[in-house]
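Chains as they are written, first to last, in the numbering used here: chain B, 1 to 171; chain D, 1 to 164.
No wet-lab data here; the hints were simulated from the structure. These numbers were taken from a predicted model, which means no experiment stands behind them. Beta carbons are placed, not taken as given, at the ideal position from N, Cα and C, and that holds for glycine. Some hints here could point you the wrong way.
[Said to hold, decoys possible] Derived DEER-like restraints, expressed as beta-carbon distance ranges:
1. D:M19 x B:P67: 36 to 46 Å
2. D:G81 x B:N3: 43 to 53 Å
3. B:R125 x D:F88: 20 to 30 Å
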Amino acid sequence: MHNLFAAVMLAGIYSLLMASIFVILDAVDVAFTEAAVGAGISTVLMLGTLSLTKSREKIHVRPSIIPLIVVVATGAMLLYGASGMPEFNDPNAPVHQHVAPRYINVSPVEIGVPNMVTSVLASYRGYDTLGELTVIFTAGVGVLLLLGRRRRSKKANETEDSASKEPEVST
Amino acid sequence: MRHHLVLRVVAKLLIPLIMLFALYVQFHGDYGPGGGFQAGVIFGAAFILYALIFGLDNAQKVVPSGYLMALVSAGLLLYAGVGFAAMFKGGNFLDYGVLAGDFIAGQHLGILLVELGVGITVCAVMIVIFFAFAGRGNGDEEDDDIATSPDLSPDSSPNSAREV
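Same shape as in the complex, but just chain B:
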């Protein structure tokens, strides 16, 4: 598909479908995030990017074989890894035996917040959430440094020009 606009729209629809799958899996908080971020904000941002660039992909004349090899190799590795995972909905899976029972049994008494996801995210895993927030902060600062730079440098050039002109006038 060389029409990037259609690709962006498909990515948004894919995110929305993933959100509904998360709802079916009873992961409402994740579905919420996926719908708001994946289907909402990132689609808008990608459309904003498209308005800056061309909305058609540049067509390569000779197709390269390397991407196909990379995709097939990664897919085969993922399938091989997935075969070693515990069965879906298995209550004896290691992930359900580690800290999950403690969260489920103790957190309503210990934290007193009805939404267990919130108590895990904000209290038990407070460090992780602080780290995530730092990542978002860094992303915002990085985008500003990369994209918000040029106009300021133009202004700086203008002021430099005027500053360099002034001594000429005075001399």
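Chain B is already provided as a structure; the job is to place chain D on it using the hints.
Just chain D now, kept in the frame of chain B:
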């Protein structure tokens, strides 16, 4: 966007509701699905919708970039500040139990403040990123287009002809 009357009216109706819903998601996150991250994104989406309908310049008048910069760091500082407040009260970093007299009340207060910090930073970062992307096309189109158009325009016409 001056002529899109329906869009303007619908956006004016929707934006307060979107903000109200974001606040609900923010402060009801303890009891239902939601939390600071989702609320921040929804609150930011209200401003992005405003910018899409009423233009970037008007939106930047509503939220000046200086305030945005302050908000981006204020949320993170609030989060880390809650952690340090817990340390000064004699607990560990981000140990909310010591923040209030009761352990449970301290946890509630800590979670509320921390989620507020997450919401503020996420909302401000989303608006900042959108403004950076959308503001990119305004002032500096000339040199970009002149630089790229001689290369791309001969390419694009045979491509489109080939596909048709």
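Output the indices of the hints that this structure fails to meet, ascending.
none
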